[in-house]
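Trainee: All chains, full assembly: derive it from the sequences and hints.
Numbering (my numbering), first residue to last: 1 to 452.
Note that these hints are calculated values from the structure, not bench results. Each residue gets a CB set at the ideal place from its N, CA and C atoms; glycine is no exception. There could be a bad hint or two in this list.
Per label pair, the in silico range of CB-to-CB distance [as the list claims (entries may be wrong)]:
1) Ser-26 <-> Val-95: 45 to 53 angstroms
2) Gly-165 <-> Gly-115: 37 to 45 angstroms
3) Gly-165 <-> His-220: 40 to 48 angstroms
4) Arg-429 <-> Gln-216: 22 to 30 angstroms
5) Pro-448 <-> Ser-278: 30 to 38 angstroms
6) Arg-195 <-> Gly-336: 44 to 52 angstroms
7) Val-105 <-> Lys-32: 16 to 24 angstroms
8) Glu-303 <-> Leu-17: 54 to 62 angstroms
9) Thr-240 <-> Glu-328: 28 to 36 angstroms
Within a straight-line C-alpha distance of at most 20 angstroms, the following computed DMTMM-like cross-link-like pairs (lysine to aspartate or glutamate) qualify [to be verified]:
10) Lys-244 <-> Glu-272
11) Lys-185 <-> Asp-210
12) Lys-75 <-> Asp-52
13) Lys-358 <-> Glu-303
14) Lys-244 <-> Glu-324
15) Lys-358 <-> Glu-394
16) Lys-74 <-> Glu-125
17) Lys-74 <-> Glu-55
18) Lys-244 <-> Asp-282
19) Lys-150 <-> Glu-29
20) Lys-185 <-> Glu-219
21) Lys-436 <-> Glu-394
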Amino acid sequence: MKLRTRIALLAGAVIFLAALLGSGLSFRETWKSVMEEARGSGARESQQVMVDLQEYSQRLGDSFSPANAVHFLKKRQDDYTILALNGLPLYNQTVLPVSAVEQAVRDGGRLFAEGRRLLVFYEGECGGIQVFHLVDITGQYLRLYRMLGKIAGLSLGAAVVSVLGLMLILRRALRPLQALSQGAKSIAAGAYHQRVPEAGRDEVAQLGRDFNTMAQAVEHHIARVTDSEEKKTLFMGSLTHELKTPLTAISGYAQTLRRVKLSPEDRELALEYICRESARLDRLSKKMLRLLELDRDTELALEPVPVEALLQGAGETCLPAAREKGVEIQVTPSPGEILADRDLLMDALINLTDNAIKASPFGGVVRLYEEDGDLVVEDGGPGIPAEELDRLTEPFYMVDKSRSRKSGGAGLGLALTAVILRRHGLGLRFDSQPGKGTRALVGREYAPHFTS
1 MKLRTRIALL AGAVIFLAAL LGSGLSFRET WKSVMEEARG SGARESQQVM VDLQEYSQRL
61 GDSFSPANAV HFLKKRQDDY TILALNGLPL YNQTVLPVSA VEQAVRDGGR LFAEGRRLLV
121 FYEGECGGIQ VFHLVDITGQ YLRLYRMLGK IAGLSLGAAV VSVLGLMLIL RRALRPLQAL
181 SQGAKSIAAG AYHQRVPEAG RDEVAQLGRD FNTMAQAVEH HIARVTDSEE KKTLFMGSLT
241 HELKTPLTAI SGYAQTLRRV KLSPEDRELA LEYICRESAR LDRLSKKMLR LLELDRDTEL
301 ALEPVPVEAL LQGAGETCLP AAREKGVEIQ VTPSPGEILA DRDLLMDALI NLTDNAIKAS
361 PFGGVVRLYE EDGDLVVEDG GPGIPAEELD RLTEPFYMVD KSRSRKSGGA GLGLALTAVI
421 LRRHGLGLRF DSQPGKGTRA LVGREYAPHF TS
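Mentor: Spelled out as structure tokens, the structure:
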């Protein structure tokens, strides 16, 4: 059943019930008025019979007898008055026994017999004779029933007319929805450029505008997906790149142990770094496999992590690479905590620190600190042109391709950093000018408003 048919039928049912209810309330008052009038008229008629009988008995005086009372009613041809003496009928032209009439009086004066509706009145006794009078109100009931039928018919007619009118109105009003349906089918078939008419100012027209907005977003999203033909290659390359980070630290400390004669304390410290980074390598590989799967709904286990521990850990991990480049790493003590997956967020900071080291000249300084709630990695390198800043997190994009090739980079570190930060509800912003170094800022205010 179509939507417009369901709406029209429901509206018709509501109209029918409302009309029936309103008419029913009016009919109830009419019924009450008719019944009160019939009871009043019957009571007056019954009283008149009693008055006439009493006057007749007074004229006869002591000679009045039950036979006289019966003769009086026969003469009047009164078939609706019943005379009884000690519960036995003296005069009864009806099919009703006296006991039934007496019971009706006790039950409120109403009686239904032989398809007739009667009112029963008991006016007392006249010369020891009980006098009952019946009033037939069957005609009043029939008129009221016919009135009720007319009310129901009119209500039903109004509902039918309303249903037909609503169906015509809804058919025209919902016509734009057919265009929406066709547009959705076209988009599902691959015609992502499909749009629907937006004429009008009502809710359906607004739905059309919203549909076109959605279609445009879908088209842009599909365009991005279509342009990402190397998605699987990016996944594997990203995973390899991230695994290289702890491997670099392990290799650096291992070569130091192999080539440099260290004191027992320094040797234990180097071994501790190797063990720690090996454990982190194992954890990171599992988390990166889970994080970079096509299923983007995977939840991260976030916990409060001290900011200073993150910055200090990133600096210590990158220390061998910094010494080899002749770069100093300065970590400023920073209070507070951040809700994060410790290993993943630290890996993002390591990527930023590693890039800062690569960009710094010999003898330069890389600073890690917290500023106004942002985590900052700052270098004194050559800076980045303004037109390049927005593309830094694109996969495989490299500002200085010759330097990246020499360092073995593939342009994936910042892309993976952006993914990690986005999963934390964070974002990345770069402040840089040529010749004045670069600052990478990590904070919630830089987070994208949507995820692709």
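Trainee: All hints are to be evaluated individually against the structure, with a verdict given for each.
Mentor: Verification of the supplied hints:
Between Ser-26 and Val-95 the C-beta distance comes to about 37 angstroms, which lies outside the given range of 45 to 53 angstroms. In this structure the hint that Gly-165 and Gly-115 lie 37 to 45 angstroms apart at CB holds, the actual value being about 43 angstroms. For Gly-165 and His-220, the Cβ-Cβ distance of about 43 angstroms falls inside the hinted range of 40 to 48 angstroms, so the restraint holds. For Arg-429 paired with Gln-216, a C-beta distance near 27 angstroms keeps the hint of 22 to 30 angstroms intact.
Taken as a hint, the range 30 to 38 angstroms holds for the pair Pro-448 and Ser-278, whose Cβ atoms sit roughly 34 angstroms apart. The supplied range of 44 to 52 angstroms is met by Arg-195 and Gly-336, whose beta-carbon atoms lie about 49 angstroms from each other. Between Val-105 and Lys-32, the C-beta spacing of about 22 angstroms keeps the proposed range 16 to 24 angstroms intact. As the Cβ distance of Glu-303 to Leu-17 is approximately 59 angstroms, the hint placing it in 54 to 62 angstroms holds.
Range check, Thr-240 to Glu-328: about 29 angstroms between beta-carbon atoms, so the 28 to 36 angstroms window is met. Taking the CA atoms of Lys-244 and Glu-272, the gap is about 19 angstroms. The hint holds against a cut of 20 angstroms. Restraint check for Lys-185 and Asp-210: satisfied, since their Cα atoms lie roughly 16 angstroms apart, inside the 20 angstroms limit. With a C-alpha separation of about 12 angstroms, the suggested pair Lys-75 and Asp-52 falls inside the 20 angstroms cut-off, and the hint holds.
For the hint pairing Lys-358 with Glu-303, the CA-to-CA distance comes to about 31 angstroms; that exceeds 20 angstroms, so the pair is violated. Taking the CA atoms of Lys-244 and Glu-324, the gap is about 17 angstroms. The hint holds against a cut of 20 angstroms. Straight-line distance between C-alpha atoms of Lys-358 and Glu-394 comes to about 19 angstroms, which keeps the hinted pair within the 20 angstroms bound. Among the hinted pairs, Lys-74 with Glu-125 is consistent with the structure: their alpha-carbon atoms are about 18 angstroms apart, no more than 20 angstroms.
Pair hint Lys-74 plus Glu-55 holds up; C-alpha atoms about 16 angstroms apart against a cutoff of 20 angstroms. The straight-line distance between the Cα atoms of Lys-244 and Asp-282 is roughly 12 angstroms, inside the 20 angstroms bound, and the hint therefore holds. Distance check on the hinted pair: Lys-150 and Glu-29 sit about 16 angstroms apart at the alpha-carbon level, within 20 angstroms; holds. A hinted pair counts as satisfied when its Cα atoms are at most 20 angstroms apart, and Lys-185 with Glu-219 qualifies at roughly 14 angstroms.
Proposed proximity of Lys-436 and Glu-394 is contradicted: the alpha carbons are some 23 angstroms apart, above 20 angstroms.
When the structure is compared with the earlier hints, violations turn up for hints 1, 13, 21 and for no others.
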